[in-house]
Structures are given as structure tokens and as C-alpha cells.
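**Q** So the chains spell out like this:
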Amino acid sequence: MFPIAATLERLTADLTRDLSLFIPELILCGTIPFLLLLRLLFSTKTIPLAPVALAAVGTALVFALRTDLPTHGGTVTFGGMLLIDRFGLSVRVALLAYLLLAIPLGVLTKIPDREDAADFFTLMIGATIGLMLMTSARHLLMVFIAVEMASVPSYALAGFLKGRRPSSEAALKYVVFGAAASGTMLYGISLVAGTFGTGDMEEIAGQISYSRTQISLSAFAGVLLIFGGILFKLSAVPFHFWCPDVFTGAAAEVGAFLSVASKAASLALAARLIYYLGGTGVSHTNALAVLWAIIAGVTMTWGNLAAFGQTNVKRMLAYSTIAHAGLMMMTLTVFDYRAVPPLVYYIASYLCMNLGAFAVVAFVRNQTGSEELDTFDGLAKRSPVLALSMTVFMLSLLGLPPLAGFAAKFQVFAHLFENAHRYQHGEIGVFSWLYTGLLALAAINTALSAGYYLGVVRRMFLDTGEEAKAPLSVPFGGRVILSVLVGGVIALGGWWNPLTEQGIMAAKSFQHKSAKQKRLEMSQEQ
Amino acid sequence: MITISHYLAVGAVLFTLGLIGFLTRRNLIVMFLSAEMMLQGVAINFVAFSRHHGNMHGQVFTLFIIAVAACEAGIALALFLSLYRKKRTLDVSVWQDLREAGIDETTDAQPLTTTPEDADPILTKAGIAPKRPLEETNV
Chain G
138 MFPIAATLER LTADLTRDLS LFIPELILCG TIPFLLLLRL LFSTKTIPLA
188 PVALAAVGTA LVFALRTDLP THGGTVTFGG MLLIDRFGLS VRVALLAYLL
238 LAIPLGVLTK IPDREDAADF FTLMIGATIG LMLMTSARHL LMVFIAVEMA
288 SVPSYALAGF LKGRRPSSEA ALKYVVFGAA ASGTMLYGIS LVAGTFGTGD
338 MEEIAGQISY SRTQISLSAF AGVLLIFGGI LFKLSAVPFH FWCPDVFTGA
388 AAEVGAFLSV ASKAASLALA ARLIYYLGGT GVSHTNALAV LWAIIAGVTM
438 TWGNLAAFGQ TNVKRMLAYS TIAHAGLMMM TLTVFDYRAV PPLVYYIASY
488 LCMNLGAFAV VAFVRNQTGS EELDTFDGLA KRSPVLALSM TVFMLSLLGL
538 PPLAGFAAKF QVFAHLFENA HRYQHGEIGV FSWLYTGLLA LAAINTALSA
588 GYYLGVVRRM FLDTGEEAKA PLSVPFGGRV ILSVLVGGVI ALGGWWNPLT
638 EQGIMAAKSF QHKSAKQKRL EMSQEQ
Chain A
35 MITISHYLAV GAVLFTLGLI GFLTRRNLIV MFLSAEMMLQ GVAINFVAFS
85 RHHGNMHGQV FTLFIIAVAA CEAGIALALF LSLYRKKRTL DVSVWQDLRE
135 AGIDETTDAQ PLTTTPEDAD PILTKAGIAP KRPLEETNV
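Just so you know, the protein sequences line up as chains G and A, in that order. The first sequence lines up with residues 138 to 663 when you count with our numbering. The second sequence lines up with residues 35 to 173 when you count with our numbering.
Simulated from the structure, these hints should not be mistaken for laboratory data. Source: prediction; values computed, not measured. Hints are not guaranteed to be accurate.
Interface residues of chain A toward chain G, partial, derived using beta-carbon atoms under 10 Å [said to hold, decoys possible]:
#, residue
1, Ser68
2, Val126
3, Thr140
4, Asp142
5, Ala143
6, Leu157
Far from chain G, some chain A residues (derived; all Cβ distances over 12 Å) [what the hints assert, rightly or not]:
#, residue
7, Ile36
8, Thr50
9, Met65
10, Ala82
11, Ala112
12, Arg119
13, Glu134
14, Thr141
15, Gln144
16, Thr147
17, Asp154
18, Pro155
19, Thr158
20, Ala160
21, Ala163
Glycine included, every Cβ here is placed at the ideal spot set by N, Cα and C.
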């Protein structure tokens with residue numbers, strides 16, 4: 138019942154190794170009190186906080202890139218709480234890279250002022266620690282804590298524009314729905330952990346595959362409730378209603394954080410949950426897959442249809458986020474290691490293009506004070522830099538050939554097509570139909586989305602408006618960030634190999650099933 | 035004889051009551067209270083399962099639930115306070131500026147009655163007010 142001396146000894150023996158794998162998170166954890174103390178002890182005039190935060194994130198990124206990991210599987214750390222593997226690592230690197238771009242962007246667009254810069258960076262870094270834990274959670278307790286650690290700072294970020302009524306309303310809606318969603322997810326966790334007598338997902342997976350036939354109804358209900366919580370984080374359709382409102386009310390920079398970083402980590406967590414709790418060849422696997430596919434398809438279609446006719450650009454981008462989340466969810470319908478390369482590629486491309494789109498929105502807002510779509514009328518004349526980069530991001534979000542969005546979408550489509558073909562002759566023919574349907578739906582949706590993405594481009598280049606408006610200037614740093622992002626979009630669209638190889642490396646984390654099979658064999662022997 | 039199913043039933047009832055309260059109430063604080071009640075239902079589940087399996091996993095879960103619930107309550111109540119300062123009401127239906135274009139505001143047939151209150155008390159000033167130069171918003 139209580140940990141015995143031998144267990145404690147093992148934990149202490151592994152501690153050094155575990156901590157060395159955990160260095161990036163530790164650095165971020167240390168940065169938070171350091172930033173707050175700096176503000177407390179010194180005048181913020183003498184010590185600017187942004188470079189400190191940037192340096193910390195950069196160091197964390199270097200350590201994350203140098204992490205030494207086995208090629209197959211991963212390293213189980215902290216007594217089974219976390220699993221550090223290449224899949225989790227690639228998403229963690231993406232999250233840190235996002236922070237590295239988002240912190241200077243926040244400074245340039247002047248979201249935090251001198252007084253509350255420490256708060257802004259603390260909240261961003263704190264939420265990112267939660268997101269990084271989400272990508273490597275292996276225990277249901279860790280799933281819950283990581284989701285909460287990511288959510289609670291996000292609530293505060295949504296309301297960061299103090300004194301603005303829409304921002305407060307956004308925070309209110311996010312907090313209230315988020316609390317209910319985490320309660321629901323936790324009820325699911327209690328049912329699953331209670332039925333199997335443990336929260337360790339590897340053990341649960343072993344018990345599921347040992348049962349072979351069917352898991353109990355309460356455990357299945359628990360699994361569904363857990364996925365409900367994840368769908369809320371992903372803003373998938375039955376739980377998407379918070380997303381447009383929060384994005385409209387919160388600052389564009391916060392919207393970028395919620396749509397890029399939060400989505401990436403939630404997808405990684407969803408992949409792990411499907412891998413562990415979905416089971417293979419068990420009766421509930423098929424039910425889960427069908428349900429997941431339907432939700433993904435509906436999410437994508439709903440997002441794309443609702444994005445038409447939006448007048449606020451942040452609201453339009455929110456629906457576009459919902460649509461992209463649906464497309465990314467499609468890869469996870471029946472999760473196996475083949476889904477990892479397209480997923481990783483999509484996350485990286487989405488980071489560049491969506492952060493870029495939100496950055497342009499933030500720069501336009503700073504100069505005009507408006508986030509309506511008609512502000513973009515004739516932007517090409519007012520600021521060619523902004524208009525050109527926005528065009529690149531929009532075309533990439535749509536998925537046109539030489540850009541990152543095309544490469545990512547192509548890989549997802551290829552994955553869907555391959556699976557439709559692979560399951561055709563298998564015993565579960567329904568999956569083939571499922572994948573064919575998803576493929577068709579995704580193709581139709583891409584055509585649909587052209588309407589509103591190209592609409593923005595048309596506004597910028599063709600609609601000049603009645604009177605000539607003052608030109609907009611972009612700060613030098615802003616030009617640098619935009620060109621880095623545009624460069625990323627073009628590079629990811631042109632050179633697929635480096636990132637695809639990373640994705641294949643990451644996929645190897647799931648290719649070994651030895652632990653699962655060992656457990657199965659062990660339990661059969663008993 | 036009280037078995038595990040009795041505990042689970044209590045947990046389920048608490049959770050459902052919380053969910054219903056969350057969906058139907060209009061007062062911000064009561065809504066959040068209901069959401070917290072859902073968590074308490076879960077905590078009962080965990081403790082019952084912990085006893086049932088004879089291990090400490092459920093107890094650990096419960097401790098973390100309590101800690102996280104406190105964090106959430108902290109941030110939510112601080113937010114509600116600032117919202118109340120703006121509109122002088124806890125009615126959630128006054129907060130619907132953000133909505134789909136072309137959809138009318140939902141109006142209640144029976145609006146939440148609020149008792150008119152005194153303004154926030156003004157504390158007597160003490161000491162010299164610190165000088166706070168106006169700065170341009172920049173980092």
C-alpha cells in the first residue's frame with residue numbers, strides 16, 4: 138500500500154537521469170520566479186525582462202535539442218509519471234520554438250507594458266510548461282495536472298487586456314467552460330483509474346489488451362469523458378463554442394498562443410491517449426475510431442462553413458483554427474506510428490503560418506486600432522510588407538503548392554489515402570470506408586476554405602477603398618519576425634526531407650510495443 | 035452494508051447536480067460553485083476506489099484535485115470580482131457582447147434580481163501618495 142524501501146531506492150537511483158531529461162522544463166520553472174524577483178528587486182527600466190525570458194527559453198531549447206534518447210520507445214521517468222520519447226520531444230521543441238518567436242512578437246506589438254511584462258512572460262512560460270508536460274504524460278494524474286497547468290495561465294492570458302470589456306468577457310467564458318470541461322474530464326479519469334485500479338496508462342493498456350473482448354461499460358464511459366476534455370482543448374465541434382468568442386475578445390498574440398501551442402500539445406496528448414486507451418483489436422477500438430472520425434470531419438466542415446461571412450479577422454482565424462484542428466484530428470482516427478510524421482509536419486507548418494497571420498493582425502491593429510476585416514482593404518498600398526506576408530500565410534493556410542501548408546496537407550491526405558487502401562483487405566473493412574470518407578471531406582473542405590482565405594487576399598490587393606489611407610509602418614524587429622516566418626513557410630514547403638525524417642524518427646517512439654506485449658505475455662502466463 | 039457502489043452513487047449524484055447547476059444557474063459565483071461541486075463528486079469517486087483497491091492512488095489524485103480546484107477558484111473569483119466592478123452585477127447574461135454576428139442578444143424573461151448596493155468603501159488615505167510617472171507603453 139505504501140512505497141517500500143526498495144521502491145524508494147529505485148526512485149532515488151533514477152533521479153539524476155530523470156532530472157537530466159527534464160532540464161528544459163526545469164529551466165523554464167526557474168525562469169518564472171527569477172522574472173518576478175527581477176521586477177521586485179530592480180527597476181524594470183534598468184533590466185529589460187524580455188531578453189532574460191528569451192535567453193532562458195533559448196537555453197531550454199538548446200538543452201531540449203541535445204536530449205539523449207533511445208531510438209525506439211522512450212525513457213520512463215519519475216516513477217512512471219512521464220515518458221520522454223522522440224515524439225514528445227519534437228512537440229516540445231516546437232513549443233519552445235514558438236515561445237522564442239512569440240516573446241519578441243509580444244514585445245514588438247506592445248501587449249505587455251513596462252509594469253506587467255513579467256506577468257505576461259510568466260503566464261506564457263507557465264502555460265508552456267503545462268503544455269510540455271501534456272506531450273509527455275504517461276499517467277492519468279499527470280494528464281490532469283498538465284492540462285490544468287496549461288489551462289489556468291491561459292485563462293489569465295485571455296483576460297490580459299485589462300480594462301477592455303471584450304477581453305474580460307473572453308476570460309470569463311474561457312474560465313467557466315474550462316472549469317466544467319476539466320471537471321468532466323476528471324470524472325472520466327476517476328472512472329478509468331478506478332476500474333483498472335491504477336492511473337498508469339501503460340498498465341491500463343496492458344489490461345485492455347489482456348481483456349481481449351470488451352472493457353466494462355463504466356471504463357468505456359470514462360474513456361469517452363476523458364476524450365471530451367481533450368476535445369474541449371482542441372476546440373472540436375461539440376465543444377468548440379468558446380473558441381471564436383475567446384479569440385475575438387483576447388489579444389491577437391494570445392489567440393496565436395491558444396491556436397498554435399495549445400493545439401499542438403493537445404494533439405500530442407490525444408495521440409497518446411488514443412494509443413494507450415484505444416486498445417488494439419478490442420471491440421471499443423472501432424467505436425472510438427468511428428466517433429473520432431465523425432467528430433474530426435464535422436469539426437473541419439463546421440469551422441470552414443462558419444468562417445464565411447465573418448467580419449472580424451480574429452473570429453475568422455478562430456474558425457480557421459477549428460477547421461485545421463479537425464484536419465489534424467483526422468490523422469489520429471486509428472492511431473499507429475504512421476500517423477506521427479504527418480502530424481509533426483502539420484504542427485511545425487501550422488506554427489509558422491498561423492503565428493504569422495496573427496502577427497500581421499497584431500501589427501495592423503497597433504496602427505489602425507481595428508481588427509475588422511475591412512481594415513485590410515487596400516493594405517497592399519498602405520504596407521506592402523504586411524500585405525505580402527499576409528498573402529503568403531493565407532495561401533499557406535489554404536494549402537497552395539510551394540508553401541508549407543501544401544506540404545502538410547499533402548502528407549495528411551497521403552496518410553488518409555494509404556490507410557483507406559491498407560484497411561481495404563483487412564478484417565475491419567469499415568475503416569477503409571471511414572478513411573475514404575474523410576479523404577473526400579477533407580478535399581471538399583480545402584476547396585471551400587479557398588473562399589475566405591482568398592477573400593482576405595482580394596481585399597488587400599483589389600479593394601482599395603474610397604479614400605487613400607495613411608501608409609502603415611512596421612518596426613524593424615517586426616520585419617525580421619515576419620521574414621523568419623515567411624522563410625519558414627517557404628522552406629517547409631520546399632524542403633520536406635529534414636522535417637519528415639524527424640517525423641519518422643519520432644514515429645519510432647510508438648513502433649515498439651514490447652512493454653505492452655511483455656505485459657500481455659506475462660499476464661497470460663499467470 | 036455500505037459497498038463501493040453506494041459511494042459511487044453519491045459521487046455520481048454530486049457530479050450530476052454540479053453539471054445541472056452549472057448549465058442552469060445565472061449567477062456567476064453559483065455557476066462556479068456548481069463546477070467545483072463536480073470536482074467534489076470526482077473526489078468521492080477516487081477515495082472510494084482507493085479503498086476498494088487497497089492502494090493509495092486515489093488518495094493522491096484527491097489531494098491534487100483539491101490543490102488544483104483551489105488554483106482555479108483563485109483565478110476565477112479574482113476575475114469575477116473585476117467583472118462585478120465593471121457592471122455591478124453577477125448576472126452572467128450581461129456578458130454577451132461577443133457573439134455571432136446577426137444573432138440577437140438572449141434576454142431573460144425573469145431577469146436576475148439584484149439588490150442595489152452601496153458603492154465600494156473608500157479607505158482613508160494614509161501617508162504620501164507615491165509618485166508614479168506616466169510612461170509610454172513599452173517594454
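**Q** For which of the previously enumerated hints does the structure constitute a violation, in increasing order of number?
**A** 3, 4, 5, 6, 8, 9, 10, 11, 12, 13
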